[in-house]
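> Here are the chains, one letter per residue:
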Amino acid sequence: MFSTFLCILRRDITLAMRRRTDILTTLFFFVIVASLFPLGVGSEKEVLRFLGPGVVWVAALLASMLALERLFASDFADGTLEQMLLTPQPLSVLVLGKICAHWLLTGLPLVLIAPLIGLQYGLEGTQLLVMVMALLVGTPVLSLVGSIGAALTLGLRGGGILLSLLVLPLYIPVLVYGSGAVTVSAIDLADVQPFMALLGAFLILALAFSPLATAAALRISVE
Amino acid sequence: MFSTFLCILRRDITLAMRRRTDILTTLFFFVIVASLFPLGVGSEKEVLRFLGPGVVWVAALLASMLALERLFASDFADGTLEQMLLTPQPLSVLVLGKICAHWLLTGLPLVLIAPLIGLQYGLEGTQLLVMVMALLVGTPVLSLVGSIGAALTLGLRGGGILLSLLVLPLYIPVLVYGSGAVTVSAIDLADVQPFMALLGAFLILALAFSPLATAAALRISVE
Amino acid sequence: MRHADACLQVTGLEVQRGDRWLFTDLDLAIESGELLHVRGPNGCGKTTLLRALCGLLLPQAGEILWNGESIRRLGEEFTRDVIYLGHLNGIKHELTGIENLRVSATLDGDRVDDDAIWDALEQIGLAGFEDLPTMVLSQGQKKRVALARLLLTGAKLWVLDEPFVALDVKAVARLESLIVGQVERGGIVILTTHQEVALTSGTIRTLDLGQAGQVRGR
Amino acid sequence: MRHADACLQVTGLEVQRGDRWLFTDLDLAIESGELLHVRGPNGCGKTTLLRALCGLLLPQAGEILWNGESIRRLGEEFTRDVIYLGHLNGIKHELTGIENLRVSATLDGDRVDDDAIWDALEQIGLAGFEDLPTMVLSQGQKKRVALARLLLTGAKLWVLDEPFVALDVKAVARLESLIVGQVERGGIVILTTHQEVALTSGTIRTLDLGQAGQVRGR
Amino acid sequence: MMEFLSQGGYAFYVWSCYGLGIVLITVEITALRRRQRTIVAQLGRLKRMREAEVSHEG
Amino acid sequence: MKFHWLHFSSPATFYGLAGRMIPWFFALALVTGVVALYWGFFQTPDQLGGSNPQKEYYRIIFVHVGSAWMSMWLYLVLAAWSAFGLVFNTRLSYMMAVSVAPTGALFTALALFTGSFWGKPSWGTWWDWDPRLTSELILFFLYIGYIALHSAIDDARRADRASALIAIVGLVCVPIIFWSINCPDPNQCAALHQRSSMGSIDGNILFAMLALTFSFWMYAFATSFMRVRSIILEREAGTTWVNEQLELEAKR
Ligand code: HEM
Ligand SMILES: Nc1ncnc2c1ncn2[C@@H]1O[C@H](COP(=O)(O)OP(=O)(O)OP(=O)(O)O)[C@@H](O)[C@H]1O
Ligand SMILES: Nc1ncnc2c1ncn2[C@@H]1O[C@H](COP(=O)(O)OP(=O)(O)OP(=O)(O)O)[C@@H](O)[C@H]1O
Ligand SMILES: [Mg+2]
Ligand SMILES: [Mg+2]
Chain A
21 MFSTFLCILR
31 RDITLAMRRR
41 TDILTTLFFF
51 VIVASLFPLG
61 VGSEKEVLRF
71 LGPGVVWVAA
81 LLASMLALER
91 LFASDFADGT
101 LEQMLLTPQP
111 LSVLVLGKIC
121 AHWLLTGLPL
131 VLIAPLIGLQ
141 YGLEGTQLLV
151 MVMALLVGTP
161 VLSLVGSIGA
171 ALTLGLRGGG
181 ILLSLLVLPL
191 YIPVLVYGSG
201 AVTVSAIDLA
211 DVQPFMALLG
221 AFLILALAFS
231 PLATAAALRI
241 SVE
Chain B
21 MFSTFLCILR
31 RDITLAMRRR
41 TDILTTLFFF
51 VIVASLFPLG
61 VGSEKEVLRF
71 LGPGVVWVAA
81 LLASMLALER
91 LFASDFADGT
101 LEQMLLTPQP
111 LSVLVLGKIC
121 AHWLLTGLPL
131 VLIAPLIGLQ
141 YGLEGTQLLV
151 MVMALLVGTP
161 VLSLVGSIGA
171 ALTLGLRGGG
181 ILLSLLVLPL
191 YIPVLVYGSG
201 AVTVSAIDLA
211 DVQPFMALLG
221 AFLILALAFS
231 PLATAAALRI
241 SVE
Chain C
12 MRHADACLQV
22 TGLEVQRGDR
32 WLFTDLDLAI
42 ESGELLHVRG
52 PNGCGKTTLL
62 RALCGLLLPQ
72 AGEILWNGES
82 IRRLGEEFTR
92 DVIYLGHLNG
102 IKHELTGIEN
112 LRVSATLDGD
122 RVDDDAIWDA
132 LEQIGLAGFE
142 DLPTMVLSQG
152 QKKRVALARL
162 LLTGAKLWVL
172 DEPFVALDVK
182 AVARLESLIV
192 GQVERGGIVI
202 LTTHQEVALT
212 SGTIRTLDLG
222 QAGQVRGR
Chain D
12 MRHADACLQV
22 TGLEVQRGDR
32 WLFTDLDLAI
42 ESGELLHVRG
52 PNGCGKTTLL
62 RALCGLLLPQ
72 AGEILWNGES
82 IRRLGEEFTR
92 DVIYLGHLNG
102 IKHELTGIEN
112 LRVSATLDGD
122 RVDDDAIWDA
132 LEQIGLAGFE
142 DLPTMVLSQG
152 QKKRVALARL
162 LLTGAKLWVL
172 DEPFVALDVK
182 AVARLESLIV
192 GQVERGGIVI
202 LTTHQEVALT
212 SGTIRTLDLG
222 QAGQVRGR
Chain E
16 MMEFLSQGGY
26 AFYVWSCYGL
36 GIVLITVEIT
46 ALRRRQRTIV
56 AQLGRLKRMR
66 EAEVSHEG
Chain F
433 MKFHWLHFSS
443 PATFYGLAGR
453 MIPWFFALAL
463 VTGVVALYWG
473 FFQTPDQLGG
483 SNPQKEYYRI
493 IFVHVGSAWM
503 SMWLYLVLAA
513 WSAFGLVFNT
523 RLSYMMAVSV
533 APTGALFTAL
543 ALFTGSFWGK
553 PSWGTWWDWD
563 PRLTSELILF
573 FLYIGYIALH
583 SAIDDARRAD
593 RASALIAIVG
603 LVCVPIIFWS
613 INCPDPNQCA
623 ALHQRSSMGS
633 IDGNILFAML
643 ALTFSFWMYA
653 FATSFMRVRS
663 IILEREAGTT
673 WVNEQLELEA
683 KR
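Residue numbers (our numbering), protein chains in the order written: chain A, 21 to 243; chain B, 21 to 243; chain C, 12 to 229; chain D, 12 to 229; chain E, 16 to 73; chain F, 433 to 684.
Don't read these hints as lab results, they were simulated from the structure. All values derive from a computational prediction rather than experimental measurement. There may be inaccurate statements among the hints.
[Said to hold, decoys possible] Output of the computed footprint for chain D on chain C, the stretches with three or more beta carbons under 8 Å from beta carbons of chain D:
(1) 44–56
(2) 91–98
(3) 174–180
We put the beta carbon where it would ideally sit given N, CA and C, even for glycine.
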């Protein structure tokens, strides 16, 4: 079972490495979106520092949502997905492998570049650190939860709405606590702990349930 | 030539009507992005009013970019695009027809719903009006410029996000003057005129050159 | 190595697509060493039937039994025994032939080493192309990569949807001999094709699906 | 109605895909009333050649002349005369057969009315399916919708890439008679297929492309 | 000397800039040289393989 | 004359020519670079007075301005080669365009980095959304877009032509983009040009700045020629002249 997981992980990472720009583009999307705001709202320092955490999180959310679109789409289009349904491996393990690979390739780089964006918005030392930590725990949740939506959108035409309806209520807590943690850390570092604990709890929940839900969704979509 | 234009326009609108959710998704995305912000940055009235124009424009930019991905993708995948290259019609006319249909289906609804979002951010009377006007002139520019990027990234894996990397920087002038117009209108309505004139100039430029560039790009991509 | 005996039974299968019943009350039983040739004009439901038989599609009514047990209930024990090649090739265009086969072998639970994979690709006529991303291969070459899985798998039941499409004469002959081999080993083959199929041993059974568009009442 | 005389000439065509030269120094001349059957094993470059002949692909070197003028220079005057059916059907899945044909006729500049379109679909064996979105049609039925264009077009040059794939026996016969008709009318047909082609009048010329994988130096 | 190196207390800023400049330039040059060398080696290997094949057949 | 031109636009000839020129460019770059740095660090005042006094950190100016200028110039070069390629369909011009891009991106990154390392001591912040900085950031995005598009396409010819097109579209848009950032409010554009805080620039500083810029320029020649040589070999593999070239290089 673990070898299945590894096989899928390795496969998806190889695929992405053949297309290294995929990773870079998600990253640059994140950077560009974050850089658009000052152009739109003006560049007063006070305002930007206030906006920083929110913008970074919204940009992360959008980048990870856009990247999710690709999670199953190409496997669906070329028939490898239906082949996966016909292997004697538990589908949820395959799914977990795909999600992990996806996060490593799109979520992690985003976490690593976030401090630079933070600097652009005038965030400082500890705040940057807290932001990275929060993103590190929060972005896997986005990938996990989003995968359910991604699976559902495969079959249903324009299931994009369903995706948003299904995924958004679950994304919002991550957004609120994630940006909350960063905002709060400007005042007192100790206040951050409950925020992080909640994000951690979300992560554990998502890890436990989302692969199963995604597997079920895939079976429906492929029919 | 005009009948060709109409034929493509009608075709694309029929197609969109068969899968109406596509239009709704873009709209929904726009609304969601605009509504996420207050969640990320808090909801003080002053701040929101200040942010309003910028956020609406950034959201419009992202939504229209997201929709662009679909502009040629399905025609490319099912081979109708290569058939278009083989018709005795000037390709740039076909392209213009497709872009028009696309704007009618994704840009226009966005313009119409924008006042609602403006209200959420506490914008008022004339400001809302200016916002709608600016969007009405600005969003076609987005579609036109974006179509070049859409044509170039056709069939590439991760095309969507690569597309954003290519076109978002080109969207900046529209963003600057579009949100500028709204911001300025809060102070003095007379100041708005040069902004609108610039947006209009961009529209004329884009109308003149982008169908040609897109047609060239399509020829390169289909090869 | 002969396969252990097995049988696929279908009772009272009914499938509706859109507002047409493609088939109602379809009964079938295929045993080891048999080949089922599903025939019929375009649109009569051959693909639909094959997908239902692998469990990719839930029929409106009827039972599909593998060795006497419902394939839904068997789950992964059934999918271990079946290999399905459909209209889509099921290969990743960015990976090379070797890499594609390595992944599918691992997922299928077949323990094969790289030599076996090189060998399979060579046998199927792709020597020299093993190391190219399959993206750059032609239509027929892509199909061959997909077919190479048949050389590596130990699955008892092969379900092949128009496997001869896009193949040149040599490749068609090669595939025919593979099918013959599988039937001789005591496997089961279910396929659709618009051409004739010949076997040197084993039985060929044909299933003629009705005229397309024909609405059969319940 | 006979087509006016026309000819397609190819001189010194060279196409490279990846790092392999698919063909170098290819010369060809096809005239009205001739059929060119391009043959060769999988991956030898048949599709590539056909795409180059329609101008969908820019060759590395060589000239393609239509009635003595370069097809690049002719542009839309050439594309008016050519119809290409490739591996992809070129139909929209959300539109019905009728709608698909209506659009392609308008774009092709053929003035046909709806009756002609209904007729074409009926002739090609899709009576009763005209009003369904092509999405729900089977593989072969989709192909038929694409082929129905051949009944409506006045193009002189038909370029068909494996047109018989996925068709059942009846449809194959129908398509063959269409091809015969076009050649008799003085049109030109270029096609690839792995099966034999027969004509009652006109000439069949065959072009055998070399072995796949063969690297020919410049 | 120390005085020069300290740049009036702004050593970190000044030398970071020149340091990064030098690092980027060396990285680019080495990457380019490595690329050229691997290509030459690869092509050489290919050529030898092909020659071996030809002599084998002939 | 015409014959001459065609002669050097053939990759085979250019390969050898570039090979011979690279050492010279490197030598020029090194010499002027050393002179510039010597002049910049030893022949200039330690501090600057004026309305916004600058301490020693102003010496960042030499790399900063040099790389900023090169970043813009190289984008022009890139677009020019692209346009040339699209118009005349010469393979070599595409190759030149592709080989200029990474060096241009490198200088852009360097300008951004040195700019923010200057900004910290001078303005007290790493980053500010000042028009010039924003323009440079966007230039960086344009470079990345070009490179990303080129590397996302496998077929070399399509990649060349597609990215050439985006380079030209970028070039048309660049003035508009930069102008819009510089002048976000068209009602007040007259007051755009802020006066340089350096006042009238010291002759020694100017000399060192120009010398380093020249050095960067020569460096850009050298590296893009190196890159174009690799690209030529990759693309022309299997041709007779490459085989002969390989033999020559093996002997050496
Ligand atoms: C378009 C690209 C750029 C050009 C052409 C450019 C050019 C220059 C020039 C000529 C100066 C010295 C004269 C003056 O003070 O006005 C300067 C100073 C400066 N630049 Fe840039 N620069 C560019 C981009 C950047 C960037 C991206 C940054 C920061 C990230 C930056 C930060 C600075 C700083 C902090 C100064 C010192 C200003 C002062 O305090 O006097 N520049 N730049
Ligand atoms: N989602 C669907 N909704 C409605 N009808 C459908 C759907 N999918 C398939 N059909 C119908 O089912 C019929 C059978 O399709 P199927 O693909 O099984 O045919 P087939 O026998 O494989 O034909 P071919 O030889 O052309 O491949 C078709 O006539 C098609 O119209
Ligand atoms: N983008 C590409 N890059 C590299 N090689 C390619 C590319 N596209 C096609 N090829 C190669 O060109 C060759 C010819 O492909 P083509 O599709 O023309 O073959 P074909 O004769 O139509 O084969 P089939 O009978 O299988 O359809 C193939 O061997 C393939 O490997
Ligand atoms: Mg079928
Ligand atoms: Mg082919």
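> Which numbered hints does this structure break?
Checked against the structure, the only hint that fails is number 2, while the rest are satisfied.
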